[in-house]
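**Q** Count along the sequence shown starting at 1, add 17, and that's the number in this note's numbering.
Honestly, the hints are just simulated from the structure, not real lab data. Be careful, since some hints might not be right.
Unchecked claim - Listed below are the simulated DSS-like cross-link pairs for lysine-lysine, each with C-alpha atoms no more than 30 Å apart in a straight line: (1) 87 - 57; (2) 50 - 87; (3) 50 - 70; (4) 103 - 87; (5) 70 - 103; (6) 70 - 57; (7) 70 - 87.
Said to hold, decoys possible - Across the chosen pairs, the derived CB separations fall in these ranges: (8) 84 - 53: 17 to 23 Å; (9) 85 - 112: 22 to 28 Å; (10) 56 - 99: 19 to 25 Å.
Nothing here was measured: the structure is a model prediction, and the numbers come from that model. Glycine included, each C-beta is placed from N, C-alpha and C at the ideal position.
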Amino acid sequence: DAAADEVLASFVEGEGGPASDAYALRWCLFHMKRSCSEAKAVAMACALSYVEKRSDGDIVSFVADLHALKGQDTLLLSDSVVLSRKALSQGAALIEQLWQRMTLRADAESSPAARRLA
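Build the full structure now, drawing on both the sequences and the hints.
**A** Below, the structure written as structure tokens:
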């Protein structure tokens, strides 16, 4: 998570502030993918600190960004976020929602990505 925060900080130049932070959160995955850093973008997208920050805002754009990365890890994460959306809007804890949903998928799937994320 510290590495994810460092990558986010690298996308914000100048004095920072809420607008710069919001831009970095929303667009860093896009820029990382375009610069041939898709593996780093996937790692960033799956970092808990990044997931928490993106889940506080527009979940629809977050899920669209995850789908654009087209990885098993990001597919599992996007499914979990979508399934948790209602509970999150009612104040449920993100980590509990993700844990419950990913554990079920990891048990049902044989993919290393599912087991690693759970």
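**Q** So which hints don't hold here, by number, going up?
**A** The structure breaks none of the hints.
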